[in-house]
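J.: Chains W and E are the protein sequences, given in the same order.
No gaps in the numbering here: position 126 of the first sequence is 119 in our numbering, and each next residue is one more.
No gaps in the numbering here: position 79 of the second sequence is 121 in our numbering, and each next residue is one more.
Note that these hints are calculated values from the structure, not bench results.
Each residue gets a CB set at the ideal place from its N, CA and C atoms; glycine is no exception.
A few of these clues could be false.
Chain W side only, calculated, beta carbon under 7 Å to chain E, not exhaustive [unchecked claim]: (1) T58; (2) A65; (3) A70; (4) G72; (5) L74; (6) D139; (7) Q147; (8) L149.
Residues from chain E that face chain W, not an exhaustive set, calculated with beta carbons under 7 Å [what the hints assert, rightly or not]: (9) F84; (10) P88; (11) T92; (12) L104; (13) Q108; (14) F165.
Residues per chain, in single letters:
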Amino acid sequence: MKKLILGITAATALFATQTAAQDVAKFNDLEMAHIAYTADNIDIRYAHLALALSSDPNVQAFANTMIADHTAVNEAALGLLGKLGANAQDNAFSQALNAGADKTINDLAKLRGAAFDQAYAANELVYHQTVNDLVENTMIPNIDNDEVRALFQQGLMIFKVHQGHAETMVKALN
Amino acid sequence: MSHTPTRRGVMVGTVAFAIIPALRILPAKAAPAIHDIRIRNFRFDPEHITVRLGDILRWTNLDLAQHTATATKSKGKSTDKSRGKSAGKSAGKNGWDTGKIAKNASARITVFTDMATDYVCLFHPNMKGTITFETP
């Protein structure tokens, strides 16, 4: 079981590095917005899986928070893009994120009970660590538009809180 | 014709003199104060607040994410060991909960006797606040 959990977290950690982060640094703001929007939606998908498969009230509460917070960030992103008269641009990195998420969801969906809870929590921790590192060190320093950068900074603050919350959940479940 | 004060008149005067200073030193019943607590960057600001019975606590959410202010345990000695797990309910009859506070929205709670004094955001349990009752 431990191997499976590690496999899932390792796969999650890998997705962000397969399409090299240095490529993302060269992306324009609208491509980066698409990556952030995709990353939000992926965590919402993970959360819906947790609501379907977990009976642990703390895991369910965490999943509900992920849905609410990532939805709020995405709504703010869509609002800003609308104000700027722009659309997020799909790109190879977003597609790699989605491919990695599909695999993770398939793996997680095979688990039940405590095994699922532990794997979901571990994945949430690694996922937030990976995305936060990308947002903070690769995307934010290379965003041109001040309003887009400010929204990314707000999002990063929220996702760091999630990372801390996930860390607590991992410790509680192990 | 000289006016001689009667015994009754002296008594009334004495009582009046006794009452008037007493009225002066009695504190006027203060209007309930409104205590504003901003929720910003996933923190309650201020985190600690001192209140009197009947005051109003008003939380305003300046974050993108929705939050709550939800009691975690009863005032004074608590035997509650489920803090953070079933916040609000765990505070029993002393519990209180603002419910969801959306971005830029506010919620109020009126301070009541023996209300639970520790609270968290139900969605982000690392956000903590405390209430202290002002000593008379």
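J.: Please go over all the hints and tell whether each is borne out by the structure.
T.: Hints, verified against the model:
1. Hint status for T58 of chain W: holds, given a least beta-carbon distance of 4 Å to chain E, under 7 Å.
2. The criterion of a C-beta within 7 Å of any C-beta in chain E is met by A65 of chain W, whose closest approach is roughly 5 Å, and the hint holds.
3. About 10 Å separates the beta-carbon of A70 of chain W from the nearest beta-carbon of chain E, more than 7 Å, and the hint is not met.
4. Nearest Cβ of chain E to the Cβ of G72 of chain W: about 11 Å, over the 7 Å cut. The hint is violated.
5. Interface restraint check: L74 of chain W against chain E, minimum CB-CB distance 15 Å, threshold 7 Å, status violated.
6. Annotation: interface hint on D139 of chain W violated; nearest CB of chain E at approximately 17 Å, more than 7 Å.
7. A distance limit of 7 Å between C-beta atoms decides the matter here; for Q147 of chain W the minimum to chain E is near 6 Å, and the interface restraint holds.
8. Hint status for L149 of chain W relative to chain E: violated, with the closest Cβ pair at about 11 Å, above 7 Å.
9. Hint on F84 of chain E holds. Least Cβ distance to chain W is approximately 5 Å, under the 7 Å limit.
10. Look at P88 of chain E: its Cβ only gets to about 19 Å from chain W, farther than 7 Å, so that hint breaks.
11. For T92 of chain E, the shortest C-beta to C-beta distance to chain W is roughly 27 Å, which exceeds 7 Å, and the interface hint is violated.
12. A distance limit of 7 Å between C-beta atoms decides the matter here; for L104 of chain E the minimum to chain W is near 11 Å, and the interface restraint is violated.
13. A cut of 7 Å between beta carbons decides the hint on Q108 of chain E: the least distance to chain W is about 6 Å, and the hint holds.
14. Proximity of F165 of chain E to chain W holds as hinted, the smallest CB-CB distance being about 4 Å (cut-off 7 Å).
Checked against the numbered hints given earlier, the structure breaks hints 3, 4, 5, 6, 8, 10, 11, 12 and satisfies all the rest.
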